[in-house]
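Undergrad: Listed in order, the protein sequences are those of chains A and X. Per this note's numbering, the first sequence starts with residue 792, numbered consecutively. Per this note's numbering, the second sequence starts with residue 792, numbered consecutively.
Treat the hints with caution; some may be incorrect.
The calculated DSSO-like cross-link candidates involving lysine-lysine, where the alpha carbons are at most 30 Å apart (straight line), are [said to hold, decoys possible]: (1) A:Lys-913 - A:Lys-795; (2) X:Lys-902 - A:Lys-795; (3) A:Lys-902 - A:Lys-913; (4) A:Lys-795 - X:Lys-913; (5) X:Lys-795 - A:Lys-913; (6) X:Lys-795 - A:Lys-902; (7) X:Lys-913 - X:Lys-902; (8) X:Lys-795 - A:Lys-795.
One-sided excerpt, in silico: chain A residues whose CB lies under 7 Å from chain X [claimed, not checked]: (9) Tyr-797; (10) Glu-800; (11) Ile-802; (12) Ala-834; (13) Pro-836; (14) Leu-838; (15) Gly-840; (16) Gln-862; (17) Gly-875; (18) Ala-878; (19) Pro-885; (20) Ile-917; (21) Ile-919.
Don't read these hints as lab results, they were simulated from the structure. These numbers were taken from a predicted model, which means no experiment stands behind them. We put the CB at the ideal spot given by N, CA and C, even for glycine.
Next come the chains, spelled out residue by residue.
Protein chains: 2
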Amino acid sequence: MASKFYTIEPIGAVHSELTRLEDAPMQGDEGAPEAWLELTSLAAPGLLGIRAGDELIVLTWLHLAERDVLQVHPRGDLNRPLTGVFATRSPDRPNPVGLHRVQVLEVIEHKLRVAPLEAIDKTPVIDIKPVLAASTSDR
Amino acid sequence: MASKFYTIEPIGAVHSELTRLEDAPMQGDEGAPEAWLELTSLAAPGLLGIRAGDELIVLTWLHLAERDVLQVHPRGDLNRPLTGVFATRSPDRPNPVGLHRVQVLEVIEHKLRVAPLEAIDKTPVIDIKPVLAASTSDR
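Could you put the whole structure together from the sequences, leaning on the hints where they help?
TA: See the structure below:
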């Protein structure tokens, strides 16, 4: 298959007290803290209409992930059989996009305070989408 | 903010009877058909462990989207106020990543038959993740 490549330009970055991967929980609901998402001035107009209380899906680029990994032991547990990365939530995968469901706590200009977020400080943010209330079909 | 760019290399593509954007429903649960996801031979080992019946989140690159759009009228309805793209599911946005929740109907080698999928034929697939049964926090 002929593959065309595409370029991701981050729309912002995470500011978090989490600075080390080894301190970050694997999922947001495993004790992750709140964090700020700071958008670039270029992308900031895309926030119009987002308010405290909104439920969002934040897409990040897991910039420290290993992109040449295709099979892992889930959650690093060697007792679990080798599994394809597309059947796991491992950050290591060809295109390391992170999905994070968060609630908006505060909006100040081009910054959103959100929780919970397990991504570490300086993780690039590549997209933000609303959770659709009417269904779960596209979360 | 200094922004580093990242490169997306598709892991496969959608094969669908939907060939025109104007025929595609806006969301999977709005009458979208089944489709095949065909992975590249390079990415195929990442499917190990995926079985018929699994619920997945497919991430696509909406290659026909306009990337310089930051505000839209939701669902193209001019009666709705101009809204930031990050508060909508518009395909037009700086990094046009599509999220699609699907069920696996069949797995044949490096191809998955899934439903429902509103993405059109030839849409690049960039990642596949399992839906986490234990929580909805990261969908």
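Undergrad: Indicate, hint by hint, whether the structure satisfies it.
TA: Against the structure, the hints:
no., hint, verdict
1, A:Lys-913 - A:Lys-795, "28 Å, holds"
2, X:Lys-902 - A:Lys-795, "19 Å, holds"
3, A:Lys-902 - A:Lys-913, "14 Å, holds"
4, A:Lys-795 - X:Lys-913, "11 Å, holds"
5, X:Lys-795 - A:Lys-913, "11 Å, holds"
6, X:Lys-795 - A:Lys-902, "19 Å, holds"
7, X:Lys-913 - X:Lys-902, "14 Å, holds"
8, X:Lys-795 - A:Lys-795, "20 Å, holds"
9, Tyr-797, "4 Å, holds"
10, Glu-800, "6 Å, holds"
11, Ile-802, "5 Å, holds"
12, Ala-834, "6 Å, holds"
13, Pro-836, "4 Å, holds"
14, Leu-838, "5 Å, holds"
15, Gly-840, "4 Å, holds"
16, Gln-862, "6 Å, holds"
17, Gly-875, "4 Å, holds"
18, Ala-878, "4 Å, holds"
19, Pro-885, "5 Å, holds"
20, Ile-917, "5 Å, holds"
21, Ile-919, "4 Å, holds"
Of the hints listed earlier, there is not a single one the structure fails to meet.
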